[in-house]
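Trainee: Assemble the whole structure, with the sequences as input and the hints as a guide.
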Amino acid sequence: MKIGLEVHVALPTRSKLFCSCSTEGAEPNSSICPICMGFPGSKPMLNKGAVEAAMGIANALHCPINKRISFVRKVYFYPDLPKSYQITQMEGAVGSKGHLAIGEKRIRIRRVQIEEDPAQIIRDGALTLIDFNRSGTPLVEIVTEPDISSEEEMRSFISGLRSMLYYLGVDINKEIKADVNISLAETRVEVKNVTGIKNMIETLRFEIERQTELIKNNEEIARETRGYNEKSRSTQTLREKESDEEYGYVFEPDLTAFDIAGLEFNEPVYANEVAIELAKGTDVSPRTVSEIIMLDKDSLRQIERLRNRHSLRSIIHGIERYKKYGSMGSVPDKVLDNIVLLIEEGKEVSKEVIADLESGKTVKVEYSQLSDAQLGELINRYLEENPKLVREYAKQPKTINLIIENIARGNGLHPKEVARKLVPIIGRFAEGK
Amino acid sequence: MTSYIEEFNGIEKQKDYYDNLFAQLERANEEHHAFNLINKDAKGGFLLSTKANICVRGFETDAGSKMLKGYVPSFNATAVERIISDKRFAFAGVTGMDEFGFGTFGTNTEVPARNAFDREYAAGGSSSGAAVAAALMKYQVSIAESTGGSIAAPASLNGVVGFTPTYGTVSRYGLIDYANSLDKIGVMARSSDDARIVFDMIRGIDDYDTTCAVEKITLERRKKIFVINGMLEKADSGIRAAFEKLLNKLGSRYEIVHVDSSIMEKAIAPYYIIAMAEASTNLAKYTGYKYGLMSEDFYKQYNEFFTDARESFGIEAKRRILLGTFIRSESVKDKYYTKALVIRRMLIKEMDRMLKEGYILSPTLPIKAPKIADVKKLSPVESYSMDLFTIPPNLGGFPHVSFPYDYVDGMPLGAQLVTGHGNDYAILDFVKEWEEGFEYVYRKNLGEL
Amino acid sequence: MQDKEFDRLLKITRLRVSAEERVQIKSDFEQVIAYFDEISSLEADGEPAYHPVEIPGRLREDKVKPFADSESLKKRAKTSNGYIVGPKL
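Residue numbers (the working numbering), protein chains in the order written: chain S, 1 to 433; chain B, 1 to 449; chain H, 1 to 89.
Hints in this document: simulated from the structure, not taken from any laboratory.
Careful, some of the hints might be misleading.
What the hints assert, rightly or not - Pairwise CB distance ranges (calculated):
#1 Thr79(H) / Arg155(S): 39 to 49 Å
#2 Gly410(S) / Thr79(H): 55 to 65 Å
#3 Ala261(S) / Ser40(H): 29 to 39 Å
#4 Lys66(B) / Glu267(S): 31 to 41 Å
#5 Asn229(S) / Asn303(B): 20 to 30 Å
#6 Ala261(S) / Arg353(B): 48 to 58 Å
#7 Asp16(B) / Arg68(S): 53 to 63 Å
To be verified - When the alpha-carbon atoms are kept at most 20 Å apart in a straight line, the in silico EDC-like pairs for lysine to aspartate or glutamate are as follows:
#8 Lys74(H) / Glu246(S)
#9 Lys78(H) / Asp297(B)
#10 Lys43(B) / Glu81(B)
#11 Lys335(B) / Glu246(S)
#12 Lys333(B) / Glu5(H)
#13 Lys40(B) / Glu316(B)
#14 Lys15(B) / Glu30(B)
#15 Lys65(H) / Glu81(B)
#16 Lys333(B) / Asp297(B)
#17 Lys97(S) / Glu145(S)
#18 Lys74(H) / Glu145(S)
#19 Lys371(B) / Glu120(B)
#20 Lys339(B) / Asp45(H)
#21 Lys266(B) / Glu350(B)
#22 Lys26(H) / Asp3(H)
#23 Lys349(B) / Glu5(H)
Where a beta carbon is used, it is the ideal one built from N, C-alpha and C, also for glycine.
Mentor: Now the structure itself:
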């Protein structure tokens with residue numbers, strides 16, 4: 001079985017792909033202008049932020065980034081498409097020929113391209129109601145080679161992809177949409193516009209069954225485009241079917257080839273790989289770590305902050321406790337420090353304890369004991385990493401209190417202890433060592 | 001000759017100047033159909049009109065098409081915005097055109113404009129109304145647009161100066177697209193000075209049009225004039241005779257060089273391929289439920305609904321949509337569309353080489369002004385062939401100007417001068433020099449002071 | 001040109017023509033395509049020129065600037081609770 005995906009993701013920009021309308025419109029048709037409505041006379045202007053975000057994604061998918069990108073018009077008629085053509089990319093796409101690893105296997109990426117989202121259609125009885133707020137939202141389409149060969153692989157791919165997007169700052173609360181291409185035999189069947197991983201799995205299961213049945217009965221599998229129906233949990237032939245012949249792609253002549261070599265983008269985080277690193281030499285499995293950090297930057301930050309002082313198991317336990325009982329979206333550093341200390345002392349961290357911690361009460365925390373040499377090393381490292389604070393200290397000696405607090409809190413040390421050791425060291429730093 | 005804009009602003013006007021002018025203009029317009037819409041509120045400035053494919057906030061901009069009846073833009077085209085904000089100008093109205101710019105004679109629309117010299121004759125197109133307006137009124141400039149000769153052709157037939165700048169010097173924001181990689185906003189006026197004044201006001205980089213990218217304009221005079229043999233041969237004998245006389249006149253100051261250029265001679269087909277391929281995508285957006293012509297029956301399935309609305313395209317528009325869609329179909333695209341784009345690059349290279357040394361001069365049209373009735377007998381291919389001279393500079397995005405150089409049987413003849421990219425001032429300067437020894441003639445001078 | 005091919009083009013362009021227009025456009029179509037076919041005799045090599053002049057691609061900063069008159073864009077359309085009504089799917 002061969003499965004290929006065309007995944008659509010909305011890029012995290014403030015304004016739309018080709019106009020300055022906000023990507024957030026509350027009332028229907030409130031965030032619209034002649035450009036995203038496709039009114040005669042309007043012209044597109046490409047959003048730099050969208051290009052940078054798409055480059056970050058292409059780079060994370062190991063696609064060499066094209067130096068120059070360009071756009072094409074894909075012509076088709078539908079009430080949600082204001083110009084009756086979509087501005088998208090083909091040869092001039094942001095990136096191509098990359099991959100995403102799922103465990104040992106690599107799923108090859110054919111292309112990463114930018115395109116504009118059509119408007120949103122709502123059916124009201126027989127009436128078609130259109131909201132153009134969504135029209136022109138920047139999307140990235142990630143096209144894979146047909147390298148996925150099972151439901152499990154599809155699940156891993158999507159979850160890896162979501163995590164990677166999440167760490168790049170892409171809002172993944174908006175459901176991932178994908179066209180799913182499935183071929184059991186020679187013929188490729190495309191199921192268009194499936195929303196969310198759950199429906200993708202349903203689509204796959206349905207198609208496997210349907211195509212298997214056809215093969216068994218020696219019937220022909222039609223090369224066609226189908227749609228997924230959430231209610232009946234089945235796929236159906238779409239009445240209208242366009243091909244490249246009909247789309248009649250032409251170069252988008254309102255735009256040009258853009259030189260993007262100088263643009264900057266975010267570096268990726270592969271949570272699965274980070275989890276393996278973090279779990280190394282501990283009694284926690286990479287899978288447990290990865291489950292925690294896949295879609296949670298904050299937990300990753302906490303683990304990295306505390307891992308030199310506490311066991312990974314305690315930190316994760318602490319995070320989980322807080323997730324269960326805490327009242328905020330992410331745990332405040334001080335609260336977690338206390339929770340982890342309590343856990344390591346073998347104490348029960350109940351709902352009440354967490355509520356107390358949140359309200360500012362500190363449990364009696366025992367400070368860590370470090371040797372003089374260890375403490376000195378810690379302070380040296382901190383000052384090296386924070387030259388700005390050192391410069392500030394040179395001008396304003398009071399700054400030392402902030403430095404003491406940072407070091408003490410970050411490492412569970414007694415402030416007095418830190419101060420004793422810090423004073424001579426920072427003197428040397430301030431004088432330029 | 002000097003600038004009418006400067007002359008006008010220097011003269012004290014009677015209190016009822018504009019009322020009288022608009023009364024005269026309305027009568028003249030009944031005969032010549034230059035304007036789709038006259039803005040009688042215009043007062044206190046030199047009058048300015050816009051072709052019906054250039055958006056003016058609050059005024060119906062129908063691009064000569066039934067599809068866009070009732071389209072009143074909520075924004076000004078950048079070119080309009082830049083000039084309207086100047087109090088020396090007042091917006092006079094919207095001028096008629098061939099539907100979406102599809103025509104050489106102005107006849108492809110419901111009410112065609114009629115030649116300013118004789119209403120039985122074609123006004124030329126597609127900026128037909130713009131040329132007629134400039135030829136009817138003494139103190140008026142027209143903002144027009146050319147894709148393949150839509151400024152030069154009507155300028156020539158109505159005896160005015162028609163200036164088409166280098167592609168990408170004037171923003172296309174607010175221009176209703178025909179073929180985006182060919183469309184250029186330009187100016188029609190009664191003098192080269194006025195064309196230049198307006199050009200300088202409307203040109204320059206714009207944050208709303210990516211393709212508006214040429215900022216620097218030069219004035220590099222050339223001493224040579226190239227005439228393309230194989231093309232001139234295709235003009236009719238009357239045109240050739242008049243043009244030879246022009247060459248004789250210019251011979252004292254310029255070196256006239258006759259050359260061959262097979263690629264310029266064959267530019268019509270690649271031009272129409274690119275123009276139709278792009279046009280067929282631009283015209284897809286007209287589906288009758290957001291602006292312009294509105295279809296009513298929302299209970300009809302969308303394909304049916306769209307097809308009903310699109311029935312309102314004129315026959316030339318339908319023809320170009322079908323042809324354009326065919327030639328960009330995946331299976332034949334390389335043979336037509338992509339190849340035409342490669343030919344365009346070759347044409348630019350060849351013309352560039354010539355234009356570094358000299359200007360290219362030709363008659364603007366290969367025939368004398370035709371009667372409207374005769375235009376209607378032309379087949380599409382015959383009609384496209386009339387763009388023989390105007391297509392090479394348009395396909396290559398080269399600046400060109402059509403200027404009146406003779407009057408035969410009471411009708412004006414225009415010649416077209418071409419120069420290299422960005423050297424726009426040079427051809428306006430050439431025409432200014434020409435104007436010093438040649439007086440333009442008009443039948444009407446509405447608004448004369 | 002075959003009727004079948006012509007009908008296919010009409011369908012993908014969402015166009016309808018009268019019987020009279022059909023005869024005329026079909027015959028024009030063949031003539032024009034024959035005219036276009038002349039470019040096959042031209043030897044062409046090199047890159048396609050998508051524009052006549054070099055256009056450096058300027059990008060727009062990702063800043064929101066709402067369109068002042070968005071209400072006017074809905075003026076001509078039929079609306080329902082702020083939605084624009086379109087044809088049936």
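Trainee: For every hint, state whether the structure bears it out.
Mentor: Do the hints match the structure? See the list:
1. Thr79(H) / Arg155(S): 39 to 49 Å: 43 Å, holds
2. Gly410(S) / Thr79(H): 55 to 65 Å: 58 Å, holds
3. Ala261(S) / Ser40(H): 29 to 39 Å: 38 Å, holds
4. Lys66(B) / Glu267(S): 31 to 41 Å: 55 Å, violated
5. Asn229(S) / Asn303(B): 20 to 30 Å: 21 Å, holds
6. Ala261(S) / Arg353(B): 48 to 58 Å: 31 Å, violated
7. Asp16(B) / Arg68(S): 53 to 63 Å: Because 60 Å falls inside the window, the suggested range holds.
8. Lys74(H) / Glu246(S): 31 Å, violated
9. Lys78(H) / Asp297(B): 11 Å, holds
10. Lys43(B) / Glu81(B): Given that 20 Å is the threshold and the Cα spacing comes to 17 Å, the pair holds.
11. Lys335(B) / Glu246(S): Answer holds: Lys335(B) to Glu246(S) is near 16 Å, not above 20 Å.
12. Lys333(B) / Glu5(H): Holds, at about 16 Å.
13. Lys40(B) / Glu316(B): Violated, at roughly 33 Å.
14. Lys15(B) / Glu30(B): With a Cα-Cα distance of about 25 Å, the restraint between Lys15(B) and Glu30(B) is violated, given a limit of 20 Å.
15. Lys65(H) / Glu81(B): Given that 20 Å is the threshold and the Cα spacing comes to 18 Å, the pair holds.
16. Lys333(B) / Asp297(B): Roughly 36 Å separates the two Cα atoms, so the pair is violated.
17. Lys97(S) / Glu145(S): Roughly 9 Å between the alpha carbons, so the hint for Lys97(S) and Glu145(S) holds.
18. Lys74(H) / Glu145(S): The given pair, whose Cα atoms are some 42 Å apart, is violated under the 20 Å limit.
19. Lys371(B) / Glu120(B): Satisfied, since the Cα-Cα distance of roughly 6 Å is no more than 20 Å.
20. Lys339(B) / Asp45(H): 9 Å, holds
21. Lys266(B) / Glu350(B): With a Cα-Cα distance of about 13 Å, the restraint between Lys266(B) and Glu350(B) holds, given a limit of 20 Å.
22. Lys26(H) / Asp3(H): 9 Å, holds
23. Lys349(B) / Glu5(H): 37 Å, violated
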